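Following the hints, position chain B against chain A.
If you read the sequences in order, they're chains A and B. According to this note's numbering, the first sequence holds residues -13 to 113 in order. According to this note's numbering, the second sequence holds residues 90 to 762 in order.
Accuracy of the hints is not assured; some may be wrong.
[To be verified] Cβ pair distances, simulated, as ranges:
| id | chain 1 | residue 1 | chain 2 | residue 2 | range |
| --- | --- | --- | --- | --- | --- |
| 1 | B | 635 | A | 34 | 38 to 46 angstroms |
| 2 | B | 579 | A | 108 | 40 to 48 angstroms |
| 3 | A | 108 | B | 517 | 48 to 56 angstroms |
| 4 | A | 54 | B | 427 | 38 to 46 angstroms |
| 5 | B | 606 | A | 112 | 16 to 24 angstroms |
| 6 | B | 517 | A | -10 | 14 to 22 angstroms |
| 7 | A | 108 | B | 451 | 38 to 46 angstroms |
| 8 | B | 435 | A | 60 | 23 to 31 angstroms |
| 9 | B | 451 | A | -10 | 44 to 52 angstroms |
| 10 | A | 63 | B | 427 | 49 to 57 angstroms |
These are calculated hints, taken from the structure and not from any lab test. Quick caveat: nothing in here was measured; it's all calculated off a predicted structure. For glycine and all other residues, C-beta sits at the position ideal for the given N, C-alpha and C.
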Amino acid sequence: MQTPKTILIIEDEKSLRDAIVDILRLKNFLSLEAKNGREGVELALSKHPDLILLDLIMPEMDGIIALKNIREDAWGKKVPIIILTNLSATNEQFGDDKATLKATHYLIKSDWKLHDIAKKIEEILET
Amino acid sequence: MNKKTIISASDDIILNLKVSAKEKEIVRRKLAVTAERLAATAVKLAITAKERESVRIKLAVTAEEKEHVRLKLVVTAEKLAVIAEKLAVTAEEKESVRRKLAVTAAKLAVTAAKLSATTEEKESVRRKKLVATAAKLAVTAEKLAATAKEKESVRRKLAVTAAKLAVTAEKLAATAKEKEIVRRKLVVTAEKLVVTAAKLAVTAEKLAATAAKLAVTAKEKEIVRRKLAATAKEKESVRRKLVVTAKEKESVRRKLVVTAKEKESVRRKLVVTAAKLAVTAAKLKKSYETLEKKVLERTKSLEMSRAKEEAVLLSIGDGLLVTNEKGNVIIINKTAEKLLGIKSKEAMGKVFSEAVLLVDEKGVPIPSEKHPVRMALVSGITTATTIVGSTYYNVRKDKTKFPVAIMVTPVILDGKVIGTIEVFRDITAEREIDKAKTEFVSLASHQLRTPLSTVNWYAEMLLAGDVGELNEKQKKYLDEVYRSNQRMVELVNALLDVASLEIGTFVVEPEPTDIIELAQSVIDEQKPQIEAKKIVFSFSFGKNISLMQADPKLLRMIVQNILSNAVKYTHEGGKIDMSISLADKNNILLKVDDTGYGIPQNQQDKIFTKLFRADNVRDKDTDGTGLGLYIVKSVVENSGGKIWFKSVGGEENKGTTFYVSLPLDGAKKPANI
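For reference, chain A alone in the conformation it holds in the complex (with noise of 0.2 angstroms):
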């Protein structure tokens, strides 16, 4: 039996968080929880996640920048990270770092089912 992977779960929305930290369990994934980007920089660069699912709208600090505050670390540099939002993604908001950024994957959670999502995970992980 393998050691459960860890998954960090960015989001500020406490239903949202509940219902990934349920369906991880299910699929025998571990979760960390962080209310915001501040949170989940400070959880990301201390327990080093197998992949962070990050929001982008949150108090504090938004998602964009604590993925480049993730990325300027060394370990941070090659994490997956998957930005699970309802944002639409526009080019003023990500402008031209979005390259730089890296972000593994960009899900609007209101397309996506909690399954295929798990089942998303399960692939990055894999690879």
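Just chain B now, with coordinates in the frame of chain A:
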């Protein structure tokens, strides 16, 4: 005195006078001779008287001699009677001459009058001379008439004398006794004869004077004649000339007559023409006045309209900058002055790029070939900046800048660009609105989707039995919740897409995409609905279709929309054929052919309009948003593709075929800058 001589001479005179005026001289001379002879006769009569005195003396001596004397006296008396008769004849001749002269004078007067009539202007002097000459001739004729009368009187006296002498002679012959008485009477008679002789002498002198006068008259006549001759010659020459002239005049006259007729006809025509011309002139004058008035009015109205246009141009709310064909500024309006913080004279005549500095967001000047004015000048096509794509900024005089929307229209005359009209406006406010919109979209997408996501995910887990199995009824109810939520998610997504398209924040990320695989996945997604409606579905594709450069997200959206519409709007048991092929070497063609409801003919032009739903499907399917085709058309056209359809709507239910062509080399940037 020789009778015959006188008669002959007189005859000659008569003849000569009858012949011609030229012979008047001869007549005159003969008259002079006659006069001389008369004088001689008078002298002789004086002598005869003396001789009679001596005879009387001799009679006193002898009565026989008296008888002889008496006989001689009788003879003398007879001679005197003859002379008297001749004188009478002479007088008559003179009278005839006078008359002829009068006639001649009258003719001359007529000639003169004619001359005066014919050559009034040219020959006035000559005419006057002729009149004078005629007058003189008249005077001469009158004198001659007077002379003739005197002669007549002399003649009568001579006749009387001759009669008395005859009586005396008869008395002398009657009685010898009375001879003494007769002698004494003879003395008296002799004395009387002396007196008579003296009288005769006087008469002779008078005759001589008359002759002299006649000579003078003759001379004058000669002069007159010569003058007349000269005049005649002149007249002749004049006449000939006049004849020639007259002929010429005649020919001229005839011509003139002809000409006159023609002239008359011409004149009449001219009169008619003149009348017409007068009418025309009046009309022309009127129309000229009207025209003048109109021109004035027109000029005035043009002036006004020009002033208005200028005022309109200068007062337009947007900045206006007009250049000539070289790109030099020729008009700049007040709004432009205000926007740029310059005075029009600072920009006038300058080339557009110097008159107004155009930069990008970082303040770097826009290269000339990308400047809308230059592009319009070169291409002759209206060029505009839009809110999609990079923003241009105009630099004010104080070096601050503002975002600007520019539309440059080339002014084309006879296919040649002769200038440009740049209309521009400060879009700072619009930018702010756009930003607000974008923020709203972010907010809406986030805020609306978050609860939807929550419902979605929990319903999903419940339905999946992650937290325990549900009974059928529970599953059915929860499925309704889930599906409605799903529709809500789709609606929100569509609204967000529309908003993104409209504010230009739609992200396009082209990458090599396999459209066949993508289409297949869309078909798989739609399969449950297709099967539920028992639709006969087929999909075919060309084998030579390579990967195309496209944003898979958008491509998926296109295919999905077209196919789901076909499925939605086709009856149960209908048919849908989908195919993907190469339209040409640069474009692929997606074709979706259904046997559905079709699009009503009168609504086909509205089918791509935002929020539009055709009448014949609104009741059948309440799910539709009226946004799908609008979004698809926007995406297709922004990708450099085309979308069209063929449809037979209404009662015929012949279905619809949608076509989408897309470039293989990927979404081209919009034509706008």
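Structure versus earlier hints, numbers of those that do not hold, lowest first: Hints 2, 6 and 8 are the ones this structure does not satisfy, whereas the remaining hints hold.
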